[in-house]
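In terms of numbering that gives the first Met the number 0, the sequence shown opens at residue 0 and continues consecutively.
Because the hints were derived from the structure by calculation, they are not lab data.
Please read all numbers here as calculations on a predicted model, not as lab measurements.
All residues carry an ideal CB built from backbone N, CA and C; glycine is no exception.
Treat the hints with caution; some may be incorrect.
[Unchecked claim] Simulated restraints, written as ranges between beta carbons of each label pair:
hint : residue 1 : residue 2 : range
1    : R118      : P153      : 45 to 51 Å
2    : A18       : R110      : 16 to 22 Å
3    : A40       : R118      : 39 to 45 Å
4    : Q148      : W14       : 55 to 61 Å
5    : E114      : G152      : 41 to 47 Å
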Amino acid sequence: MTQWEETRRRPVLPWYLAALVWPVAALALPIYQPWALGATAVLSAAVGLAAARLCPARLVRRQVPCTTGDAEADRLLTDIAGRLDALGALNGAIPDPELSRQMDRMEAAGRAILEELRRAPDKAPQLDRFARYYLPEAVKIMSAYARLQRVQGPNADGMRQEVLDTAGTIAQAFENQLDALYSAEALDLSTDIEVLESILKSQNLAD
0 MTQWEETRRR PVLPWYLAAL VWPVAALALP IYQPWALGAT AVLSAAVGLA
50 AARLCPARLV RRQVPCTTGD AEADRLLTDI AGRLDALGAL NGAIPDPELS
100 RQMDRMEAAG RAILEELRRA PDKAPQLDRF ARYYLPEAVK IMSAYARLQR
150 VQGPNADGMR QEVLDTAGTI AQAFENQLDA LYSAEALDLS TDIEVLESIL
200 KSQNLAD
(Lines of atoms letter the chains of each structure in order from A and count residues from 1; the text may use other names and numbers.)
(Lines give C-alpha, C1' and ligand atoms only; values in the text may rest on other atoms or scores of the structure.)
Protein backbone atom coordinates (compact mmCIF):
# COMPACT_ATOMS: atom_id res chain seq x y z
CA MET A 1 0.00 0.00 0.00
CA THR A 2 1.17 3.53 -0.66
CA GLN A 3 0.47 6.87 0.85
CA TRP A 4 1.12 10.42 -0.29
CA GLU A 5 4.02 12.46 1.05
CA GLU A 6 3.97 16.22 0.49
CA THR A 7 7.09 18.40 0.43
CA ARG A 8 7.71 22.00 -0.54
CA ARG A 9 10.45 22.39 -3.14
CA ARG A 10 12.03 25.79 -3.60
CA PRO A 11 13.08 26.68 -7.17
CA VAL A 12 16.78 27.17 -7.87
CA LEU A 13 16.28 30.05 -10.33
CA PRO A 14 16.50 32.79 -7.62
CA TRP A 15 19.90 31.43 -6.57
CA TYR A 16 21.16 31.42 -10.16
CA LEU A 17 19.99 34.98 -10.74
CA ALA A 18 21.57 36.19 -7.50
CA ALA A 19 24.85 34.52 -8.45
CA LEU A 20 24.69 35.99 -11.95
CA VAL A 21 24.81 39.51 -10.46
CA TRP A 22 28.46 39.03 -9.45
CA PRO A 23 30.07 38.43 -12.87
CA VAL A 24 27.89 41.15 -14.41
CA ALA A 25 28.87 43.63 -11.68
CA ALA A 26 32.53 42.70 -12.12
CA LEU A 27 32.32 43.95 -15.69
CA ALA A 28 30.82 47.30 -14.73
CA LEU A 29 32.27 48.08 -11.30
CA PRO A 30 35.67 47.95 -9.63
CA ILE A 31 34.49 45.05 -7.54
CA TYR A 32 37.85 44.82 -5.78
CA GLN A 33 36.99 48.05 -3.93
CA PRO A 34 34.98 47.76 -0.68
CA TRP A 35 32.13 50.02 -1.78
CA ALA A 36 31.68 48.14 -5.05
CA LEU A 37 31.87 44.82 -3.26
CA GLY A 38 29.18 45.92 -0.79
CA ALA A 39 26.95 47.31 -3.52
CA THR A 40 27.22 44.05 -5.48
CA ALA A 41 26.32 42.02 -2.42
CA VAL A 42 23.25 44.16 -1.75
CA LEU A 43 22.19 43.99 -5.39
CA SER A 44 22.67 40.21 -5.46
CA ALA A 45 20.51 39.77 -2.36
CA ALA A 46 17.81 42.07 -3.77
CA VAL A 47 17.70 40.16 -7.05
CA GLY A 48 17.51 36.85 -5.18
CA LEU A 49 14.64 38.02 -2.95
CA ALA A 50 12.70 39.49 -5.88
CA ALA A 51 13.10 36.28 -7.87
CA ALA A 52 12.01 34.20 -4.89
CA ARG A 53 8.75 36.16 -4.70
CA LEU A 54 8.12 35.62 -8.38
CA CYS A 55 9.00 31.92 -8.15
CA PRO A 56 7.34 30.58 -4.97
CA ALA A 57 8.00 27.13 -3.59
CA ARG A 58 6.12 24.29 -5.29
CA LEU A 59 4.16 21.64 -3.42
CA VAL A 60 5.36 18.23 -4.61
CA ARG A 61 3.35 15.09 -3.87
CA ARG A 62 4.80 11.64 -4.30
CA GLN A 63 3.74 8.16 -3.38
CA VAL A 64 5.77 6.38 -0.72
CA PRO A 65 5.34 2.85 0.62
CA CYS A 66 3.23 2.62 3.74
CA THR A 67 5.00 0.39 6.24
CA THR A 68 3.82 -0.72 9.65
CA GLY A 69 6.98 -2.56 10.69
CA ASP A 70 5.15 -5.88 10.32
CA ALA A 71 6.00 -7.71 7.08
CA GLU A 72 2.75 -9.69 6.95
CA ALA A 73 0.62 -6.62 7.64
CA ASP A 74 2.47 -4.66 4.95
CA ARG A 75 1.89 -7.48 2.45
CA LEU A 76 -1.81 -7.53 3.23
CA LEU A 77 -2.06 -3.75 3.01
CA THR A 78 -0.55 -3.78 -0.46
CA ASP A 79 -2.65 -6.71 -1.65
CA ILE A 80 -5.97 -5.45 -0.30
CA ALA A 81 -5.37 -1.89 -1.54
CA GLY A 82 -4.65 -3.15 -5.05
CA ARG A 83 -7.81 -5.24 -5.19
CA LEU A 84 -9.93 -2.40 -3.81
CA ASP A 85 -8.53 -0.14 -6.52
CA ALA A 86 -9.61 -2.77 -9.07
CA LEU A 87 -13.06 -2.93 -7.48
CA GLY A 88 -13.38 0.85 -7.71
CA ALA A 89 -12.39 0.80 -11.38
CA LEU A 90 -15.00 -1.88 -12.09
CA ASN A 91 -17.61 0.18 -10.27
CA GLY A 92 -16.97 3.02 -12.67
CA ALA A 93 -17.46 0.68 -15.64
CA ILE A 94 -20.77 -0.81 -14.41
CA PRO A 95 -23.82 1.38 -15.09
CA ASP A 96 -26.33 -0.43 -12.87
CA PRO A 97 -27.08 1.99 -9.98
CA GLU A 98 -28.10 -0.68 -7.45
CA LEU A 99 -25.03 -2.81 -8.08
CA SER A 100 -22.89 0.31 -7.94
CA ARG A 101 -24.38 1.16 -4.55
CA GLN A 102 -23.48 -2.28 -3.20
CA MET A 103 -19.98 -1.98 -4.62
CA ASP A 104 -19.65 1.38 -2.88
CA ARG A 105 -20.44 -0.43 0.36
CA MET A 106 -17.80 -3.06 -0.38
CA GLU A 107 -15.13 -0.48 -1.12
CA ALA A 108 -16.02 1.68 1.89
CA ALA A 109 -15.76 -1.30 4.22
CA GLY A 110 -12.53 -2.40 2.55
CA ARG A 111 -10.94 1.02 2.95
CA ALA A 112 -11.94 1.10 6.60
CA ILE A 113 -10.38 -2.35 7.03
CA LEU A 114 -7.15 -0.99 5.56
CA GLU A 115 -7.10 1.90 8.01
CA GLU A 116 -7.70 -0.42 10.95
CA LEU A 117 -4.95 -2.79 9.79
CA ARG A 118 -2.55 0.11 9.39
CA ARG A 119 -3.41 1.24 12.92
CA ALA A 120 -3.21 -2.26 14.41
CA PRO A 121 -0.96 -4.50 12.26
CA ASP A 122 -1.28 -7.32 14.80
CA LYS A 123 -4.77 -7.92 13.38
CA ALA A 124 -3.30 -9.17 10.10
CA PRO A 125 -4.02 -12.88 10.86
CA GLN A 126 -7.75 -12.10 11.07
CA LEU A 127 -7.68 -10.82 7.49
CA ASP A 128 -5.90 -13.71 5.83
CA ARG A 129 -9.02 -15.38 4.39
CA PHE A 130 -10.56 -12.05 3.50
CA ALA A 131 -7.45 -11.02 1.55
CA ARG A 132 -6.71 -14.39 -0.04
CA TYR A 133 -10.21 -15.48 -0.98
CA TYR A 134 -13.24 -13.31 -0.36
CA LEU A 135 -11.97 -10.01 -1.75
CA PRO A 136 -10.33 -11.56 -4.85
CA GLU A 137 -13.47 -13.58 -5.61
CA ALA A 138 -15.66 -10.50 -5.25
CA VAL A 139 -13.45 -8.68 -7.75
CA LYS A 140 -13.60 -11.69 -10.07
CA ILE A 141 -17.39 -11.82 -9.95
CA MET A 142 -17.73 -8.11 -10.63
CA SER A 143 -15.26 -8.45 -13.51
CA ALA A 144 -17.43 -11.21 -14.96
CA TYR A 145 -20.52 -9.00 -14.62
CA ALA A 146 -18.72 -6.18 -16.44
CA ARG A 147 -17.88 -8.53 -19.31
CA LEU A 148 -21.45 -9.86 -19.41
CA GLN A 149 -22.80 -6.40 -20.18
CA ARG A 150 -21.86 -7.03 -23.80
CA VAL A 151 -23.50 -10.48 -23.93
CA GLN A 152 -27.16 -11.10 -24.72
CA GLY A 153 -29.24 -14.20 -24.02
CA PRO A 154 -31.12 -15.93 -21.21
CA ASN A 155 -28.01 -17.46 -19.65
CA ALA A 156 -26.22 -14.13 -19.48
CA ASP A 157 -29.35 -12.47 -18.12
CA GLY A 158 -29.62 -15.13 -15.42
CA MET A 159 -25.98 -14.77 -14.41
CA ARG A 160 -26.28 -11.00 -14.22
CA GLN A 161 -29.34 -11.32 -12.01
CA GLU A 162 -27.55 -13.73 -9.68
CA VAL A 163 -24.70 -11.27 -9.26
CA LEU A 164 -27.19 -8.49 -8.52
CA ASP A 165 -28.94 -10.68 -5.96
CA THR A 166 -25.61 -11.59 -4.34
CA ALA A 167 -24.00 -8.14 -4.22
CA GLY A 168 -25.74 -7.14 -1.00
CA THR A 169 -24.56 -10.34 0.70
CA ILE A 170 -20.99 -9.68 -0.36
CA ALA A 171 -21.16 -6.09 0.90
CA GLN A 172 -22.60 -7.30 4.21
CA ALA A 173 -19.78 -9.84 4.53
CA PHE A 174 -17.21 -7.08 4.07
CA GLU A 175 -18.93 -4.98 6.72
CA ASN A 176 -19.05 -7.95 9.07
CA GLN A 177 -15.31 -8.42 8.63
CA LEU A 178 -14.81 -4.78 9.55
CA ASP A 179 -17.00 -5.18 12.63
CA ALA A 180 -14.99 -8.24 13.62
CA LEU A 181 -11.77 -6.23 13.52
CA TYR A 182 -13.20 -3.54 15.76
CA SER A 183 -14.62 -6.05 18.20
CA ALA A 184 -11.41 -8.12 18.16
CA GLU A 185 -13.40 -11.30 17.54
CA ALA A 186 -12.66 -13.93 14.94
CA LEU A 187 -15.36 -14.03 12.28
CA ASP A 188 -16.13 -16.95 10.02
CA LEU A 189 -17.35 -15.51 6.75
CA SER A 190 -18.29 -18.87 5.28
CA THR A 191 -22.01 -18.49 6.00
CA ASP A 192 -22.22 -14.91 4.84
CA ILE A 193 -20.46 -15.66 1.60
CA GLU A 194 -21.99 -19.06 0.80
CA VAL A 195 -24.06 -17.65 -2.04
CA LEU A 196 -20.92 -16.15 -3.56
CA GLU A 197 -19.26 -19.56 -3.68
CA SER A 198 -22.40 -21.04 -5.20
CA ILE A 199 -22.25 -18.56 -8.07
CA LEU A 200 -18.58 -19.28 -8.68
CA LYS A 201 -19.19 -23.01 -8.92
CA SER A 202 -22.48 -23.06 -10.80
CA GLN A 203 -21.80 -20.29 -13.31
CA ASN A 204 -18.07 -20.90 -13.93
CA LEU A 205 -17.15 -17.34 -13.04
CA ALA A 206 -13.96 -18.51 -11.37
CA ASP A 207 -10.92 -19.89 -13.14
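Hints, verified against the model:
1. R118 with P153: 45 to 51 Å: 48 Å, holds
2. A18 with R110: 16 to 22 Å: Violated - the Cβ-Cβ distance for A18 and R110, about 49 Å, lies outside 16 to 22 Å.
3. A40 with R118: 39 to 45 Å: 53 Å, violated
4. Q148 with W14: 55 to 61 Å: 57 Å, holds
5. E114 with G152: 41 to 47 Å: 42 Å, holds
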